[in-house]
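Q: Sequence:
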Amino acid sequence: MSSLSVNTALAGGLTAGGLVAGASLANAPPSPMLESYYGTYQACSPMPSPLLLPSADDGRALEPLSPLGSDNEGDSRRRSRRARFHDAEDITTQLAQALKSSHRPDTSPLIEILPSLTHEQVMELRAEYKRLVKTGPERKGVNLAKHIRARLKDEDPLLMKASYSVALGRWESEAYWANFWYQGDKTRRELLIESLMGRTNGEIRLIKEAFTDKKYDNSLIKCMKEELKEDKFKKAVLMVLDERRMEEYDHYGRLQPIDYGLVDQDVADLRRAVRSEKGGETAMITIIVQRSDSHLRAILQEYERQFRANFARDALKKSGNLVGELLAHILNGVINRPVRDALLLHHAISASRKDGLRRELLISRLVRYHWDPDHMRAVKQAYRERYNRGLSDAVREATSGEWGMFCEELCIARTPPDVRRFDKISYSVR
Numbered sequence: 000m001s002s003l004s005v006n007t008a009l010a011g012g013l014t015a016g017g018l019v020a021g022a023s024l025a026n027a028p029p030s031p032m033l034e035s036y037y038g039t040y041q042a043c044s045p046m047p048s049p050l051l052l053p054s055a056d057d058g059r060a061l062e063p064l065s066p067l068g069s070d071n072e073g074d075s076r077r078r079s080r081r082a083r084f085h086d087a088e089d090i091t092t093q094l095a096q097a098l099k100s101s102h103r104p105d106t107s108p109l110i111e112i113l114p115s116l117t118h119e120q121v122m123e124l125r126a127e128y129k130r131l132v133k134t135g136p137e138r139k140g141v142n143l144a145k146h147i148r149a150r151l152k153d154e155d156p157l158l159m160k161a162s163y164s165v166a167l168g169r170w171e172s173e174a175y176w177a178n179f180w181y182q183g184d185k186t187r188r189e190l191l192i193e194s195l196m197g198r199t200n201g202e203i204r205l206i207k208e209a210f211t212d213k214k215y216d217n218s219l220i221k222c223m224k225e226e227l228k229e230d231k232f233k234k235a236v237l238m239v240l241d242e243r244r245m246e247e248y249d250h251y252g253r254l255q256p257i258d259y260g261l262v263d264q265d266v267a268d269l270r271r272a273v274r275s276e277k278g279g280e281t282a283m284i285t286i287i288v289q290r291s292d293s294h295l296r297a298i299l300q301e302y303e304r305q306f307r308a309n310f311a312r313d314a315l316k317k318s319g320n321l322v323g324e325l326l327a328h329i330l331n332g333v334i335n336r337p338v339r340d341a342l343l344l345h346h347a348i349s350a351s352r353k354d355g356l357r358r359e360l361l362i363s364r365l366v367r368y369h370w371d372p373d374h375m376r377a378v379k380q381a382y383r384e385r386y387n388r389g390l391s392d393a394v395r396e397a398t399s400g401e402w403g404m405f406c407e408e409l410c411i412a413r414t415p416p417d418v419r420r421f422d423k424i425s426y427s428v429r
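The sequence shown: position 30 = 29 (numbering that gives the first Met the number 0), numbered continuously.
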């Protein structure tokens, strides 16, 4: 095996081995209508009503953040917390030591450290790891995420997926999940839907920039064009990747005014689409995928006011397939994102007990939510209110071993979200 070395005064001679839009949307074949897909939203309990939409500035539904040093949130096992002082060089030394040699890696540092880092800290750690940990006669820097994958893929595949996706960082992990589905069981389209749908144009841009796969010239668009078959689901995905979504804010960061004339037209078009005997998906995709959250929120409220019906449910009834799944994901996020994500976690926890292949859903969802501590806190509160139990307890019961411990760590909404840092200083004694 090749060997790695860490070039740091702290580590000394530490070594580590073991690294080994083509046609138009309207002309797309209507295959999703003919291909039933029993996905997440068809397996979940009813969605919340748009009448319960919280306003953007309504903070009454959220409890204040826990004081530093606690994250008890009602879970049965109280977690003691301590401030983590971030030192990328020290962490690099710990992780390289843990991953070294041909023996089973010491996974404790992975479990204790990786879930606690912000995206920015992960990026800093990856750069430091490549700078300090070298391999081969040419002393090339080692990619931390790839090192984790190489050392754990046979030892503990589930822990590998969880720790590898965190080590990729926020945006590359989404690119990983977006193209993960076609590498194995191609029925796991939720991984693709949840990585891309409902994102801002800026987020989509970051995900595309982070995508790496030489087979597709590091182009996520090329990957989707080649891997997805020609249907309206594919056209919806490419529409998202083309960054065609209405912007929520202007260049000065101000919320864009809602065009209520366009809202009325969209409501009429959507009503016509869900009531038509044939077709209708093209109109639904075009509107739901391309409108901003605030515009969609206005559509849902006006639709319910006019027709006393929940459009999200009507759309899922109309399209019991991939198109219905992607529309439901976007709309549920508009209605109430914390509740939607609590529902998705509950679904993943239940599904992973029955089907080992569905554990990727639980991992991907926990990794996604943990990057935003405030959102994770809101999700945990929504989970408790909806299911009358703590998220950490539910995850602990549904998982096992070290990957389960890693998932529990992802559930911790760390407050404050920024981690303390000590800068190295020098001083002299007179």
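Among the clues, some could well be false.
[Claimed, not checked] Okay, the calculated beta carbon distance ranges per label pair:
1) N217 with R352: 31 to 39 Å
2) E208 with S100: 32 to 40 Å
3) D263 with P156: 48 to 56 Å
4) D212 with S349: 25 to 33 Å
5) K221 with E111: 19 to 27 Å
6) L356 with K228: 38 to 46 Å
7) E111 with S349: 39 to 47 Å
8) D263 with E396: 47 to 55 Å
9) P256 with E208: 24 to 32 Å
10) D153 with L356: 15 to 23 Å
11) E208 with R304: 34 to 42 Å
These are computed hints drawn from the structure, not numbers from a lab. For every residue, glycine included, the Cβ atom is placed at its ideal position computed from N, Cα and C.
Q: Output the numbers, in ascending order, of every earlier hint that fails for this structure.
A: 5, 6, 7
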